[in-house]
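Enquirer: Sequences are here, hints too, so could you generate the full structure?
Here the protein sequences come in this chain order: A and B. For the first sequence, position 201 matches number 201 in this note's numbering, and the numbering has no gaps at all. For the second sequence, position 326 matches number 326 in this note's numbering, and the numbering has no gaps at all.
Be a bit skeptical, because a hint or two may be false.
Since copy identity is lost for identical chains, a pair holds within one copy or between any two.
Stated by the list, open to error - Cross-link-like lysine to aspartate or glutamate pairs, in silico, DMTMM-like; alpha carbons within 25 angstroms at most:
#1 Lys239 to Asp97
#2 Lys232 to Glu96
#3 Lys112 to Glu262
#4 Lys239 to Glu254
#5 Lys232 to Glu12
No lab work stands behind these hints: they were computed from the structure.
2 protein chains.
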Amino acid sequence: MTAPVAEAQLAETVLLNHVTFQTAVATKAARCVLAAGGAQLVDFAFRRTQGIDASLAVARASAIAGFIATSNVAAARRYGLTAAGTMAHSFIEAFEDEQQAFTAFAEDFPGKTTFLVDTYDTGRGVRAAIEVARRLRLPGPVGVRLDSGDLAALARLARTLLDDAGLRDARIVASGGLDEYAIARLAASGAPIDAYGVGTKMGVSADAPYLDSAYKLVAYAGRPVIKLSAGKTSAPGAKQVYRRPGGDVLALREEPPLPGHEALLLPVMRDGRPLAAPEPLAAIQRRCHAALAALPPAARALHDAEPVPVRISEQLKSLRDRTARDIMRRTADRTAGT
Amino acid sequence: MTAPVAEAQLAETVLLNHVTFQTAVATKAARCVLAAGGAQLVDFAFRRTQGIDASLAVARASAIAGFIATSNVAAARRYGLTAAGTMAHSFIEAFEDEQQAFTAFAEDFPGKTTFLVDTYDTGRGVRAAIEVARRLRLPGPVGVRLDSGDLAALARLARTLLDDAGLRDARIVASGGLDEYAIARLAASGAPIDAYGVGTKMGVSADAPYLDSAYKLVAYAGRPVIKLSAGKTSAPGAKQVYRRPGGDVLALREEPPLPGHEALLLPVMRDGRPLAAPEPLAAIQRRCHAALAALPPAARALHDAEPVPVRISEQLKSLRDRTARDIMRRTADRTAGT
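Expert: In structure tokens form, the structure reads like this:
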């Protein structure tokens, strides 16, 4: 008896482990995309994710949410994402000065030159980047990355210096402890930032590092089952979730489909085998984008977001009450009989 | 030029990824141990860690901090820890009632019977556990696990029922959303809890899911280097950390050793090779225990802990100022010359 249940329990644990973290991170990444108002986003999280496989999950989840590249080369290879190598402060420091560092980097990567300009003094760093870009006559548009200080003010300074030097197509990238709130403030200030590198806070889903989600047994051997633990009551029976713009309905799968609603749950496994090949990432990205766009604006708000209303069907409520009564009666009979 | 630096950068990223998370989780786990005041602790985090390798790191880090077992069987095998399988609510629900579930479990695991008693009603669950333990005349002491509700009150109720049934050596385990603060409150209330299962909040280091630690280049080709980025200035040169009960001193490695202090940094790699076999886990556990015991009580406090004071040596301050002046002068010369 215990062996098959133990196997199911392990599957439950592994699945829950995967699903809850990926959902948390994809949500945080989607909030960054919504906050950025059209600016591009790049995943910089690898350094501080909670392990290596978390870094892979973060790269994939943030790509689904709309990030355009990742600094995680292994993840880029595995999932077919765009790798965006970053210039490190240690690279700059290994040279006598920034000009020498920028020159060496641009000679190795002439088409991918985003110069990190804040190692010593950001204004001087931008001037050094301009000098190198002009001297080497780099083919593509250059970029500068600001990683510390007052990013809005420094972005304006950098934009002015670059424009004055005739580098109007140079891009400005901002990074350094960013999350959706910092990005929204920078975007609202009108700072001329073309792209954001988002790392730690997105990569560990810093303000919601876990979802209190669960994975519950709802039926066994054809019998609906329920857990009544204080504050953690579960709902019995196989479910379907019906969605329409006004909100979701949680119903039993055996109920007739609700007209005007989309049924969200689809079978993906049967008898231990997947029913279809994994979806391409592009299809998942499109669905994520469409689902976000279909949310009520209040549910997409960065602050005080209003949850989408969820209604429980009458049949589900009735099954829950009946199952709870049944088990309490059986339990009472047994305890009285001891 | 860029290739070796890129390799160093990857090593930096992977190392930082490992060290920061393990430090965060070991700290959180150590705080749980301090809060539990002698009660035992078991790692229940696997379900909600940020990936599978994070779950392994959590099992290891919490064992180092003093946890006595883990529900993560893979981690127990890998690190030689004690595996503590848990009974799931789904296991109970798969039977007609709790007596049948407890009986099946106890027949399969007669020496390891910790009954999960809150699936339907905790009082009845404890009575069912008592009935099964008596009927089967189980060889070892039984346990009951409380996973919801008012854990202090339910622990008192369970203790009374167990004692009245003559099961004075039965153990009471509490779990469900616990962290060091909840454990400290339960311990302070005098609740008769023998062990705590600690999961999610410890496993993701929920209130400190990342450490803002860094890994910086301090010298290159014999030359000390520095980063001056606003708010992120680094300190140049190879360091040593000297510790004594009153606090730490951060000094240059070339300074003469500080009398009465312990030097904390030891070489572990040279020319890409480890200098010794990895330490056994037991040695790391002992060092962790001794280091925690040696902390000033105010630094060990759960609330408003006071950091251990860190003094910077005069030589290090002087090198930092000199290196900063040098690089600013070089940078100014170059920018002026463009």
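Enquirer: Can you tell me if Lys112 and Glu262 fall within 25 angstroms by alpha carbon in one copy, between copies, both or neither?
Expert: neither (44 angstroms within a copy, 47 angstroms between copies)
Enquirer: From the Cα coordinates, with 25 angstroms as the cut-off, is the pair Lys232 and Glu12 best called within, between, both, or neither?
Expert: within (17 angstroms within a copy, 43 angstroms between copies)
Enquirer: Give the relationship of Lys232 and Glu96 under a CA distance limit of 25 angstroms: within one copy only, between copies only, both, or neither.
Expert: between (62 angstroms within a copy, 20 angstroms between copies)
Enquirer: Within, between, both or neither: how does the pair Lys239, Asp97 come out at a Cα-Cα threshold of 25 angstroms?
Expert: So Lys239 and Asp97 pass the 25 angstroms test across copies only (23 angstroms; inside, 63 angstroms).
Enquirer: If the cut is 25 angstroms between Cα atoms, do Lys239 and Glu254 qualify within a copy, between copies, both or neither?
Expert: within (8 angstroms within a copy, 68 angstroms between copies)
When the structure is compared with the earlier hints, a violation turns up for hint 3 alone.
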